[in-house]
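**Q** Could you build the full structure based on these sequences and the hints that come with them?
2 protein chains.
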Amino acid sequence: MHMPNKYTLAVHGGAGTILRSEMTTEKEEAHKRALRDALRAGEAVLRKGGPALDAVEAAVRSLEDCEYFNAGRGSVFTHEGHHEMDASIMCGKTLGAGAAAMVQGIRNPIALARRILEASDHVLLCGPGALAFARDQGLEEAPPEYFFSEFRYRQLEEARARGSAQLDHTQKYGTVGAVACDRQGHLAAATSTGGLTNKRYGRVGDSPIIGAGTYANDLTCAVSCTGYGEYFLRGVVAYDVSCLMEYRGMSLAEAARHAIHHRQLALGGDGGLIAVDARGNVALPFNSEGMYRAWVREGEEAGVAIYRE
Amino acid sequence: MHMPNKYTLAVHGGAGTILRSEMTTEKEEAHKRALRDALRAGEAVLRKGGPALDAVEAAVRSLEDCEYFNAGRGSVFTHEGHHEMDASIMCGKTLGAGAAAMVQGIRNPIALARRILEASDHVLLCGPGALAFARDQGLEEAPPEYFFSEFRYRQLEEARARGSAQLDHTQKYGTVGAVACDRQGHLAAATSTGGLTNKRYGRVGDSPIIGAGTYANDLTCAVSCTGYGEYFLRGVVAYDVSCLMEYRGMSLAEAARHAIHHRQLALGGDGGLIAVDARGNVALPFNSEGMYRAWVREGEEAGVAIYRE
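Chains U and G, in that order, give the protein sequences. The opening position of the first sequence corresponds to residue 615 in the numbering used here, with each subsequent residue numbered one higher. The opening position of the second sequence corresponds to residue 615 in the numbering used here, with each subsequent residue numbered one higher.
No lab work stands behind these hints: they were computed from the structure. Beta carbons: idealized from backbone N, C-alpha and C, even for Gly. Some hints here could point you the wrong way.
To be verified - Some chain G residues judged to face chain U by a derived CB distance under 8 Å, without partners named:
hint : residue
1    : Ala711
2    : Pro742
3    : Tyr861
4    : Val918
**A** This is the structure in structure tokens:
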């Protein structure tokens, strides 16, 4: 780890029941292109020797700016017809963390999480207070039109008609995330989400929760989760992967696999995660039908996939 | 664990720099009496063979109703002069959990957390949405006067003058919590807090976060934390104790001690925790000057303490 490392980067755009029957070739290609764009945004940082923390922020920003994923611009509608977004980021070198929950009108919630990490004494800010902090810090806002899409609004109307808060109508857990190891061997993780279509009561899932949706520690791994948030909260999944490595001596692949295929399945939760360690390993386990994902190791060709191999 | 167990119960009323010089005998006795009252409220459930989940809720309710502790009635003021409370509860048998953050006007936030566990599809509800859920469920509300105290208001004025969000003026991390093991060997944990005096920006600490402030699992332990919330969030402390037991094979005492005296100290965080396992063990480590605490094992005399032994 004292020698210049080769960098590693992985991103996800959500997991769940992604049916081939509902996928067109164009749609599939568009999603893959967006995942590659996010990889490129993160790689641009890592290739210059920049920190993992900057790389995961850049990759998640790119996914937040894309309308296909349920985060930032593409966020789903709440019951009241708003967008309430959650995001978190963690630095494996310092164990510093920043997170925002229930934020409205901020273009890039992950940039807010990063600013909380850098410029606040706190880890987690929620609701209008988080927005006030964002404004004090001069973060870019965006009007409701920016977040509007016909497709998402139809999802809300369908969900309202059905009368229950629900996931994306294809049962996709729409969350985005990135994990990276930089050339110095430092790790970072970031996650961002628009939550559940038609969500009520200020529901917050695992995405903004350090330990559940996001965790990074140079000694073990960086993890970003996507799945049924309530189960990931109860399973403290991201930190679980780290503990399985640190306390039980599992490899990254074993720990990530155990957390998703053993512990989350036993609890009843489905979804997946992306993880890297400081040795160039990448793990991308999911127990759902699919997970939008892409990954790259320095000097190797990038991989992009949606369904099971 | 299949045989009738002896029950165990522990409660805390916060940790931090509790200076003997600022303590009068009356004040000390009043705090101890309140801790004993909370123990009694929890024991009343356990003695009848009731579940640990009911016992920790009853004990925390008792502490929330007491004006001495920073939770429920005794909650500190936010920057805007309100009270924003956080609470969480977890059942070690089912790994079910409920939590509420930034809740105003609810008499017993721990009862709301319990209701979220029982009656909602979600784990964590925040802000006005959590209040709306509480109202739908008919939970008891209380007017601002109920939460008002001269002492707390003076703390707010002092903190405002100093211009920073801060802990209780004696640097006490005012949080309350309870952990229990019932006669069936099931565990539960609960935590409740009023947060930081003069807090802004919708700051939320570790208390409502499953894995950080609260965790329970019949296979390992039940834990409720109190301390510098941001460090407990980054350390995922409550779940860390459980992982040290499950993955590293430590005893409850070793795991609790390691989490507080080794890992939290290394991170820079101070505070403490209370924990029980299914074998009748109790651990009450803290790395601060003091921690308000009380504990009892069925058939034994209860202990109550504030300072280091």
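**Q** Would the hint on alanine 711 of chain G be counted as holding, given a Cβ-Cβ threshold of 8 Å to chain U?
**A** 5 Å, holds
**Q** Hint validation: tyrosine 861 of chain G versus chain U, beta carbon distance must be below 8 Å. Holds or violated?
**A** 4 Å, holds
**Q** Can proline 742 of chain G be said to touch chain U, with a Cβ gap under 8 Å?
**A** Holds, about 7 Å.
**Q** Less than 8 Å between beta-carbons is the criterion; does valine 918 of chain G satisfy it with respect to chain U?
**A** Violated: closest Cβ of chain U sits about 32 Å from valine 918 of chain G, beyond 8 Å.
Hint check: a violation occurs at hint 4 only; the rest are consistent with the structure.
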